[in-house]
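Novice: Residues per chain, in single letters:
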Amino acid sequence: MTLSLAPPRPLSRLRHPSVLAAGAALVTVGLGAALVVAAGTDPATAWAALEEGMFGSPYSVGTSLNSAAVLALIATGFSVAHRAGLVNVGGEGQLCAGGLAAAATGLALPPQVPTALGVPLTLVAGFLAGGLWAWLAAVLRTRRGTSEVITTLLLNFVGVGAVSVAVHEEGLLRQPVTSSETLPQSEALPAGAHLPLIAGAESPATVIVAVAAVAVVVTAVVLRFTGTGLRLTAVGHSPSASARLGLPVARLQEGGLGVAGGLAGLAGACLVATAPYVLAEHFSSGYGFTGLVVGLLARGSLIAVAAVSLLLGFLTSGGINLQLAAGVPASSVQIVQSVLVLLIAATMLWSNRRTGAAT
Amino acid sequence: MRARPASPAAARVPALEIRRLTKSFGAVRALDDVSLVVESGTVHCVLGENGAGKSTLCHLIGGSLAPDTGTLRLYGKPYAPRRPADALAAEIAMVHQHFSLVPTLTVGENLRLLRLPDLARRVDRVADEYGLTLDLGARVADLPVGVRQRVEIVKALLREPRLLLLDEPTGVLDPVGTEALLKTCRRIADRGGAVVLITHKLGEVARTGDTATVLRGGRVAGGGPLAELPAERLVPLMIGRSADSLDPALSGTIGLTELTELTGSSMSKTPQAPADRPGPSALRVHALTVRGTDGTHALDGASLEVGHGEIVGVAGVEGNGQSELLAVLGGSRAPDEGTVAVGDTDITRATPRQRTDAGLGVVPEDRHHDGCVPALSVAANLFLGRLGQFRRAGLFLDRRAMRRAADTVLTAHDIRAEGPDTPMSALSGGNQQKVVLARELALDPLVCLAAAQPTRGLDVGAVHAVHSRMREAAARGAGVLVVSSELDELLALCDRVVVAYRGRLSAPVDPHEPAARERIGRLMLGAAAEDSARASAPTVAAPTLTAPAPADPATPADPAPPTEAITPPTPPTA
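Going down the list, the protein sequences come from chains A and B. Mapping of the first sequence onto the working numbering: position 154 corresponds to residue 156, and the numbering continues sequentially without gaps. Mapping of the second sequence onto the working numbering: position 130 corresponds to residue 196, and the numbering continues sequentially without gaps.
Take the hints with a grain of salt, since some may be wrong.
Just the calculated beta-carbon pair ranges, DEER-fashion [stated by the list, open to error]:
hint, chain 1, residue 1, chain 2, residue 2, range
1, A, Leu351, B, Asp487, 22 to 32 Å
2, A, Arg146, B, Thr137, 15 to 25 Å
3, A, Ala110, B, Asp473, 52 to 62 Å
4, A, Arg146, B, Gly495, 30 to 40 Å
5, A, Leu351, B, His435, 41 to 51 Å
6, A, Ala347, B, His434, 21 to 31 Å
7, A, Arg253, B, His435, 14 to 24 Å
8, B, Gly485, A, Ile337, 41 to 51 Å
9, B, Asp487, A, Leu344, 34 to 44 Å
10, A, Ala252, B, Ala478, 48 to 58 Å
Here are some, though not all, of the chain A residues that point toward chain B, as calculated from beta-carbon distances under 7 Å [unchecked claim]:
hint, residue
11, Pro45
12, Leu225
13, Phe227
14, Thr228
15, Gly229
16, Ala236
17, His239
18, Ser240
19, Ser242
20, Ala243
21, Ala252
22, Ile346
Derived by calculation from the structure, the hints in this document are not laboratory data. Model, not experiment: these values are computed from the prediction. Here a beta-carbon is modelled for each residue, glycine too, at the ideal position from N, C-alpha and C.
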């Protein structure tokens, strides 16, 4: 108790979260500028290109929002599982499973299917497949005690591989091969399975943005205001005490991880149901892992999930434009992003330790 | 076999001299002004119940803890270990209760991990001198526990230590293994080494030790040559009597004594005597067997019955199956054999929820791990099992109603918390336990309450409150089962006391009979079991408790004739 008063005041002020955040941002900007200069570009030009890519046009804003929505869905799922004490590292695999199921469902629909039927069916298929993918790991955990970190991680490779097989085999989902230039990808989904645009023809933003927003809000409400949320929290904190109190621990854990997978699968379905409306190898673009990072950084706060998803979503599409317009490799944006993540994580650790010492 | 120990001059310098050692953990004084002397050429026993400070003493000697005040001297030289490596360098060897062997390696490979020079010569020497032979090619995982321990002891002896410290070495051994181990201890001492044997089992002490120090509540309660300390005197020293106890660590006992006066008499007037209630007893445990992972029996055909309105205590040194009994009752562990019934419901394989529905309340031993969720609020901890009762608009949790209901409970049970939203972890141990107890007592119907170490670590006031609640539950007609290592608590609280020893439960002892404490004490220490073992196996010779020990243990340079007397002849199986 007395020890917590010991650190001198200037130092403790330095450790204030906002000071740390500002420091992290400063370091990141400095590193970004250095990379830009190293690539032989004028920093002002680069900044203009980045800004253009993030906010410059309805198109860039729409792209950013779509990316942010995918990240938010995966991170929301991560938060649900995390509440139940499970770490879902398998967003990528669940996303692939969801995309695969969505593509199969969409392609099986008749070409004239109405949007009101086609879109929900495609998305539900994605949700179910992703949920099933995660549920496999959850059952191994609850029945056999296998670490879900390992199983979800390994199921990533299976999921990615399954997509690859499906789009390479004509017997599966590959479009008919007419020439040697036919890409290994599926046929385009029927128009009725395309996600509707929500901000006019100028912007590619689709209903996925609304879906993600609803998912974030509903999850926040469930976790905070319902008995289910409290039960999940209890199981996450102490499975043994929860079991003693008669909570269905296994069911809650399976459900928590299942929902996490379902939301990742939903994200995968959305990716397939967005232009160019095909399932292709690498359609996931690593969203599963970036979403995991968002979830880890948000640490259970769904407001933070929304904020970090938006930040990373905008940075990603800004980075694409940086390469196109200013000739700075997009990988430098990835470097900057990763450094930012590292710094945020480090500052959290630091401020955590502070509160840890005070209690 | 009896080589002359060290020269008389050397023998006059004690092997280990501990002066006024004190060690506190926060407010708890684990060791308080403890002094003891271990002469070379002797086996010195450190006796005491759980929590008496034995393991702290062990850690201090072994260098894994540093004392607050006090000094140690090893063969006359100041010895202040700051880490375990210092103890090794000072030629102190320790054998812990839990083995440090790599199970997938062979015995020989495990020994090679010590990286000692001349290993083969050392192994031969230990085999010659102590008769401790090992199959170096055997895989440790395939060996029975007793042999594994022999490997541990050989490991310790290979370093040719000047002082050997054994922490509860017989906890895992069967009688034959125990016999062999004690013989080895004796031999080491006879060769001039010094052995410190930390134990709570009285039979071993009498058979092997030369001198003893009894710890109780962190203080030295007594000690001296074992020849002058028969079991009749050791038992009261170990267990203590509430009357002459001024020890702060036993203040719970003092609270208890008052309690007996306060509520004890009124209890006998309560209308619900067990006989008034027809039907099956509140709790019936029949022939329960639980096997540990190493094949030993944690519970070995334990049977028990608790009537309605009755408080039954389970006494015993920890690790004799009490934890497993509660784990089976709580549903966290399935028994290998046997049945458990609450009222007329069989719950042997029921889920925790079904147990609750059958009317079984459980206060787990590990409050923080199994009893509550420390990170959640008091209200959540009280009602987590029945959140369905607090619903608003069909979907949402009615936190306001929960808070109100929790407030009522806080008041009714005199739980000191800032409010129902306070996290459980912010409460004192006593108040946490009151929350757990309040929750379990709120079951409707409450047929039986099973509580493990319900007052451990609580202050006097909280102990009082917990005891009162359990009495009230019994008065309302529930059966109450209390597992405790505090004998005074059980004597004050219970209608009957059974004793757990090596996975079995003894016949009940009436705590009101005059010699109850003595009898329970002997049952706890396995003294009765050893008596019967001796009776049935005459080859394991008699002269343990009353045998003439060395006439003057301060001069162990001349131990020959007396040692003969207290060393039991080789058991036929060894």
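Novice: If any of the earlier hints don't hold here, list their numbers in rising order.
Specialist: Numbers 2, 5, 10, 11, 12, 21 and 22, in rising order.
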